[in-house]
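K.L.:
Residue numbers (my numbering), protein chains in the order written: chain A, 1 to 288; chain B, 1 to 145; chain C, 1 to 772.
Be aware that a few hints might be false.
Listed below are the simulated EDC-like cross-link pairs for lysine to aspartate or glutamate, each with C-alpha atoms no more than 16 Å apart in a straight line [as the list claims (entries may be wrong)]:
1. B:K81 - C:D123
2. B:K88 - C:E131
3. B:K88 - C:E130
4. B:K88 - C:E681
5. A:K42 - C:D123
6. B:K56 - A:E26
7. B:K88 - C:D680
8. B:K81 - C:E130
9. B:K129 - A:D256
10. C:K140 - C:E681
11. B:K129 - A:E26
Please keep in mind that the hints were generated in silico from the structure rather than gathered at the bench.
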Amino acid sequence: MIPTPFDYIAAKSLDEAVALLGKHGEAAKILAGGHSLVPAMKLRLAQPQVLIDISRIKDLAYIREEGNSLRVGAMTTHYALESSKRVRVVSPLLAECAAAIGDVQVRNRGTIGGSVVHADPAADWPAAMIALRVEMVCAGAKGERVIKADDFFVDLLTTAIAPGEVLREIRIPLSQGRTGQSYKKVRHPASGFAVVGVAVNLGLDAAGKCANASIGVTGAAAKAFRAGGAEAALTGKPPDAAVAAAAAAKAADRQDMNSDLYASAEYRRHLVEVTARRAVLAAVGAAK
Amino acid sequence: MRLEGTHELHAPRDKVFAALTDPQVLARCIPGCESLEKQAGDVYTAKLSAGVGAIKGVFQATVRMADMRPPEHYRLIVEGKGQPGFLKGSGDMDLTEKDGITSIHYVGEASVGGLLASVGQRMVESAAKMLAGKFFSALEAEAQK
Amino acid sequence: MATKYVGNRVKRTEDPRLIQGLGHYVDDIKLPDTLHVAFVRSIYGHARITGVDASAAAKAPGVVAVYTGKDIGKIGGVPCASDLPEMKKPEFLVLASNKALFVGHAIAAVVATDRYLAKDAADMIQVDYEELPAVTEEVKAAAGAPYVHEQFGTNIAYKLTAGEGDIAAAFRSSDKVIKQRILNQRLAPIAMEPRGVLARYYPGEQELTLWSSTQIPHLMRTQVALMLGMPENRLRVITPEVGGGFGSKLNVYAEEALLGWISMQLGQPVKWIESRRENFQSTIHGRAQLGDLEIGIRKDGTVTGLRYNVFADMGAYYQLLTPAIPTLTGLMLSGSYKIPAIQINVTAVFTNKMSTDAYRGAGRPEATYVVERAMDLVAAELGMDPVEVRRKNFPAPNEFPFKTATGLFYDSGDYVLALEKALKNADYKKLGEEQKKARAAGRLVGIGVSTYVEICALGPSAALPAGGWESATVRIEPTGTVTVLTGASPHGQGQETSFAQIAGDELGVSIEAVTVIHGDTSIVQYGIGTFGSRATAVGGTAVFVALQRLKEKASKLAAHLMGVDPATVKFADGRFTSGAKSMAIQEVALHAHLAKSLPEGMEPGLSATYFFEPKNFTFPFGTHICIAEVDKDTGEITLQRYIAVDDCGRVINPLLVDGQVQGGIVQALGQAFYEHVVYDENGQLLTGTLMDYALPRATNCPWMELDRTETPSPVNPLGVKGVGEAGTIGATPCLVNAVIDALAPLGVRHLDMPLKPETLWRIISGNSARSA
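Looking at chain A on its own, in the form it has when it is part of the complex (with noise of 0.2 Å):
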């Protein structure tokens, strides 16, 4: 459990993590909350040459409202985002989704950022970013670039990310109107992780119709994906009990499951239609 020899820079600001990673290529990695690299590195897993540390930059951290947006540093600790009153008022998935990781130590040290950048298939993050929709705000030596949720997480252990960008911020859209939210997740008696975990947004209207549905599910695939059968089977129906077990049942359509000694593909594909159902019929709830 010892990691292979390495160089540590601790950057001071955005622009000089950016010209060390262009100066170091391949053989650097960030360093945020250490909560998954360090692991990998101390079972040499990993072996980065040099480590740059983010975690002393001024101004990573912050959660602020702007517009209808909520700007969340990358440097965000998942404790954070979990205890914030103002999340939990305009974005209680986010809050919902931060509670569910790990135990309070790694909440207290563990960011938001590392851990959508790291894109461990089981990480709670991805299903809450793709339900809500974010955009990703990553820096490098030519300027910023956003990347949709959608098209960030690209396979496992893989994001959009170009080498040589660092992620800076997450603009979470905030909904209008009468929403629900809620993030359920299947833990997984060891590491914590989700086996399956499902993130709703969902919109209603004046009805009680569901308007809009936007269904993130991680735990279950190489990488996180949205649940497009699923919100496609919402939308438009009061949802109700029987439309959300519909709905649900629709959740890991033309998905491949993992299968691990813990979990069948089979099982797996059986607890994201639980888990969806459950998520879906929580999220209404809460739509007031």
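Once you have looked at the hints, place chains B and C on chain A.
P.N.:
Chains B and C alone, transformed into the frame defined by chain A:
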């Protein structure tokens, strides 16, 4: 671990088969392949820097092709060893062509050992599928040349 | 004796230093010029080692030495203390040279100036392997090739039959014989502190000191001295704070001898601290028994006979007690019941895995699980209440000492008393009504019961390989403080508190005045160690008797000093009194040390040593009841209540007893629901980290409603029985019985542990052929 899958390549079967058995093409298609040299007959040695995301390892591998029946079938046997452990696998590749599209169906057994096995079980299968996907995408591009 | 401390909830005196991080574990011991060792371990379950190239590592920065199997020829093999008839005995060398027989088998040791450089260099060592087919399944292993040890021509380590009564006749006379295959899966002990060794050799003094995280410092000293071929009195073992053991440190490991040897080669201190990965691979595992159970019954629920044909997975080699564990299973197969005929047939097999050995309960949880599952199988077969089946087969209180068909004499017990108390605490009748309602509403709610007995206070020396006694020295220092030296070196049990309670009460002194010293073979007289729920019953008794001897001497001296007839002297509250004259025991102690006026023939000083050897084991017992609900959609289990009534004889400290019971129940929860060491068919260890190997968390635990009955043991003067393993032994079947009861309406009678949600979901959804 059983691996099975089908990839459709927009290229004629003869070209796909030729690409699949051309060491220089393979060297370009195998994810993380740093070198691939012919050792004897259908046996090649390769240096692979394989990985997914932040997780990477360097492997010394031997690649052997057997049961060659151009352009429809061959068997691929890979053994690799490196700091994160070892991997070995063998699989049958069956190629069929329809309307200018070549389907490669592969069925094989793979196993990993050492660190990879003891800490990576939850991701090994997904990683294998992902690397296979990358390989076939690159192969398609080669066969279309 | 006035009991100011004994029987009260005295807070652990160990805790202030531990919770402030001020304790000293092996890794906290820092010696100048210490070198660090990293191991190269096999990545194959079974392979021929065709070459080890350490040339690059030897030249790497900071590297002082590299050792492989060729270099260590003079170090004796890893010791096994148990010996059974016709047992195959493989030699387990401290480094493998020709073959690696399990993943984690040490092949080379790198010594460097720091642990980072040692690990870097270890990664440079090239081991060439020729992979061989691995043996991983018990039944296949017993059937034939491939062999773990070619020289034996078999994988069967030994076969053993035990038990009394005519089992065939018992089955013939039964109304029915129920059969069930039962698995006790392989588990990893996972002490919070992994193993660690620091070795320092002084070439001038020719003295080797080993600091090791162990449960048995003295036995280790003897064994390591033998392995290294050195005089035992030149070897000192120091056991500082130990962060848990659960049996995994009731052992002598390759690393302990090897580190000592390396320090002797280099003349410098060397340290190795086990990583969690190494802990999974090369610290002993527990359980791993797969057996076929047959129970003969009469229609009224009477059990007439029990046979258990069991495969016990030894792993590739024996550690200290590996072959002995199944024999304990055989001894405890009568449970808390009168069963006239019992037979166990053990087939012990070698596999390409880490050795199994004692893990909390060590053979007894296996037996109790089998017997308590058997009782529920009988109840299900006959449509009886599981409680009534148990009651029917209990021995009556007046039948003690009770002889079992496994050859034991249970010392004392009132099984109905504990059962009734648990039923009352649980409100069992109401539970049944609530369960009916829940079932009618379509919910899967189950009630689990287990009425266990276990064997503790190991034990008579005849029953143990290295002495079943324990030692104590007590002395009062010139300034009046009290020192207790115990051979029962603890690893978290709280002996510093409980033994101080005994001394405090016996001498009428404050426990603050008492210091309990343990774990240093140069300070403490020879002792056996802490395991088998023996520390208080055997070690505590040694302290108690030594205190009586010390008081006898002090009383004589007090009479002499006061100038009174010794027969008139009474001792109470720390003072010797005769008529109007009185002296504090501390004053007496000072006079004993000054020795200016002693009775004729009395030695100076005030200390006493006693070695206590019990004439029997003790047999704690109890009843556990729990209520579990299974989520119909996901198969996940929720525990609603947990009720335990344990009888561990007389209680020295209820706080410590509660802690032991709670910890034991949690560890049972681990086996019942979560834990399983999984090797694949090639011998690869798939559960190699705590990301995959699930331990129970605080959030998984139900509130535990603990209660007790107290039936003193006649085996020792304290009347204590032991409680270190009771929770684990009683709770495992209770938890499983509850879940199986929850699924009983679906026709389920047995499921193997761990009860994974997917397994349960498959049964609930009719997607399985697993239900028996």
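K.L.:
Any hints this thing doesn't respect? Which numbers, in order?
P.N.:
Going through the list in order, the structure violates hint 11 alone and respects the others.
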